[in-house]
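For the protein sequence lines, the chains are E and R, in the order given.
My numbering applies: residue 21 is where the first sequence begins, and numbers increase by one.
My numbering applies: residue 2 is where the second sequence begins, and numbers increase by one.
Any given hint might turn out to be false.
Which residues of chain E face chain R? A partial, calculated answer using Cβ under 10 Å [stated by the list, open to error]:
hint, residue
1, M21
2, W52
3, H54
4, T62
5, Q73
Hints in this document: simulated from the structure, not taken from any laboratory.
Ideal Cβ positions, reconstructed from N, Cα and C, are used throughout, including at glycine.
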Amino acid sequence: MKCTEFLDELTNYLDGVIDAKTKAELEDHLAWCHNCYVVCDTTRKTIEIYRNQELYELPNDLRGRLQTAIMSKCTAHKKSGPEKV
Amino acid sequence: MSAIQPNIQQPAPVSEEMELVRRAKRGDDSAFEELVRRYDRNVFRIAQHITQNREDAEDVVQDAFLKAYGNLAQFQEQSKFYTWLVRIAVNEALMRLRRRRPERTVSLDEDVKTEDDSLPREVADWSPNPEQMYNQSELREILTRTIQGLPPGFRTVFVLRDVEGLSTEETAQALELSIPAVKSRLLRARLQLRERLSRFFQKRANGGGDKSSGDGDQ
Chain E
21 MKCTEFLDEL
31 TNYLDGVIDA
41 KTKAELEDHL
51 AWCHNCYVVC
61 DTTRKTIEIY
71 RNQELYELPN
81 DLRGRLQTAI
91 MSKCTAHKKS
101 GPEKV
Chain R
2 MSAIQPNIQQ
12 PAPVSEEMEL
22 VRRAKRGDDS
32 AFEELVRRYD
42 RNVFRIAQHI
52 TQNREDAEDV
62 VQDAFLKAYG
72 NLAQFQEQSK
82 FYTWLVRIAV
92 NEALMRLRRR
102 RPERTVSLDE
112 DVKTEDDSLP
122 REVADWSPNP
132 EQMYNQSELR
142 EILTRTIQGL
152 PPGFRTVFVL
162 RDVEGLSTEE
172 TAQALELSIP
182 AVKSRLLRAR
192 LQLRERLSRF
202 FQKRANGGGD
212 KSSGDGDQ
């Protein structure tokens, strides 16, 4: 397996949606190709760090205001009839 | 090396969610309000990632839920409500992004440089724990600016798949893209983010996290 072929399968490999034969070939490649090992490992860490560090949390006060605004607009919409929103 | 297991909060089981949708369709606003409470944080995150603007994200949250409310009768229940809602929110967010940046074409279909833009160049290993190299606000700043540098089409796929935990199929449905298109964009988004983060997180010669270097072109 070449490095470019490894890269093509990287997303499937990281997502665990890959058949056993291809997985074995990828892991064989990883065992000797240090660059692909590093790319694979750091790509996995990239995904994990974005998952762990939740950017753009909705603050509670803003959340409350948005919920109130949404529901009052929904109520107004219901009263005014089914015209397009 | 093992596959990544999603560790994020998953949307509620379909049957329970669908029950709320059906009650909302029958006019029960408290059921719709429950749907708002379930997904407003997700919609806000997605909207802010796409628009990169807090006010726009707030407007997207309101407009997306209002649109969902107004069109609930048209929701066919062939997908999860959440996927349908995300589709509405993404469209609203892209519309606002286009409005704010009329000089640039903003489309999920844009095909950004097909050659080599995602091929790894930085292959140095990262420090054992990059999250300890920077304090919390520095780290969030790095992550925010790095993901903001991705084209909107890549950013959106990455956020839906990897941050919000939608499946490839759900992402394809939400973005009206084919599954191969989602996979291709996801791979390139992941590799480009990895490449850019490597400038901050790679091992230093002294083995530590030298904050004074590695800020690249961010």
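**Request:** Against the earlier hints, flag every one the structure doesn't satisfy and list their numbers going up.
**Result:** Hint check: 1 and 2 fail, others pass.
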